[in-house]
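A.B. asks: Listed here are the chains, written in short residue letters.
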Amino acid sequence: MWSFFHKLGSPPWLYGIAGTILRYLLPVTLLALVAGMVWGVLFTAPDFRQGNSYRIIYIHVPAAVVALAGYYVMAIAGAVSLIWKMKMADIAMKSCAPIGAALTFVALVTGAIWGKPTWGTWWVWDARITSMLILLFLYLGVVALYEAYDNKEAAGKACAVLSLVGTVNIPIIYKSVDWWYSLHQPASIKFTGESSIDPSMLYPLLLMITAFYLLFTCALLMNMRAEILQRERRTKWVRKLVEESA
Amino acid sequence: MHPVRKQRLYLVLFIVVFSSAAIGLVTYALRGNINLFFPPAEVAAGKAPVGQPIRVGGMVVDGSVQRSSDSLAVRFEITDFEATVPVIYEGILPDLFDEGQGAVASGELSEDGVLQATEVLAKHDENYMPPEVADALEKSGYDHKGVKQ
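The listed protein sequences correspond, in order, to chains B and W. Mapping to the UniProt record's numbering: the first sequence position 217 is 217, numbers consecutive. Mapping to the UniProt record's numbering: the second sequence position 18 is 18, numbers consecutive.
One or more hints might be untrue.
[Said to hold, decoys possible] With a straight-line cut-off of 30 Å between C-alpha atoms, the simulated DSS-like cross-links for lysine-lysine are:
no., chain 1, residue 1, chain 2, residue 2
1, B, LYS236, B, LYS175
2, W, LYS139, B, LYS157
3, B, LYS190, W, LYS139
4, B, LYS85, B, LYS240
5, B, LYS7, W, LYS6
6, B, LYS175, B, LYS87
7, B, LYS7, B, LYS87
8, B, LYS190, B, LYS87
9, B, LYS152, B, LYS116
10, B, LYS190, B, LYS175
11, W, LYS6, B, LYS85
12, B, LYS7, B, LYS85
13, B, LYS175, W, LYS139
14, B, LYS175, B, LYS7
15, B, LYS85, B, LYS152
16, B, LYS116, B, LYS236
17, W, LYS47, B, LYS152
18, B, LYS7, B, LYS240
19, W, LYS6, B, LYS87
20, B, LYS85, B, LYS236
21, B, LYS85, B, LYS175
What the hints contain is simulated information worked out from the structure, not anything from laboratory work.
All chains should be modelled from the sequences, with the hints used to inform the complete structure.
C.D. replies: Structure representation (structure tokens):
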């Protein structure tokens, strides 16, 4: 187990294994995305109240779920890089931020598009939507803070602390609809008890959530590979790699 | 574990625990402002300010919607099953606005307890099902939450 942990810290090994994983994971991800989208949009019944407009759930919910989970990935990577000074954890943390920001942005935009025909407004300052906007600023803050430093070690430390402080926001986003009166409805998928979404609509949604998790993993690995090459550009193994591919 | 790493681990835990506590206390202190709307019971108890922009949310009372025949003016009541607040509004209502469904009206409360709304939003719940399932549930006498009518 420790040898695996030590191997994770080796840039050439991580670069190689990430490439191998991507080769198999990318086609699976694309397949899951297309299958989930076709299933959700074409082969499920319209909702009894919202008609066809509810179908945006198949992008809105997966993007939001993975945006929240991705924040924990970023914060844990930040904690590992703080405690063990592991460079690859720092790279993982840095690579998470733009992906998380993109997913949060997608969740906010699809939410606005969904809100107009159902609630009657694009935007309302309720607890769920406002805390989600704060999540977007946290992700963008990590991206900006990292770029603000010339010294990458100092940048990594500052970003790790920022992402750790920001973890407070994740349970707030998740529970906001239960703790306060909000326009946003409570969660339909429940971990305990029966979900309040019909099984025929739930299964494609679960597939889409899985597909978005895979998409996040693929994007993270691709970002990390690019970042490893950038940081190791002066080493022998990267030069050799470039010569081989040329 | 190496003592230096242990110390840094405690630092990480310290950051997470204390920032959570701080933000928890702030949100607890501001809970009244984080709520998007007042439920009618709080309006009836006099907790909502009169003559200031507020939001009131709850269920639209069955059979309470009265539309004007020559304008967009509409009058309805919002309830939380403890108290009701009458609302008058002039404008286009969202598609999902209906009797027996959730709504949030924003506007000013007048002295006689009527909300003069400038905006009405529909609030839908977390239940999704095909129309046939909804029909079948209705026929069997259960509502969409599985509660016997």
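A.B. asks: Quick one: which hint numbers does this structure break? Sort them smallest to largest.
C.D. replies: 1, 2, 6, 8, 9, 13, 14, 16, 17, 21
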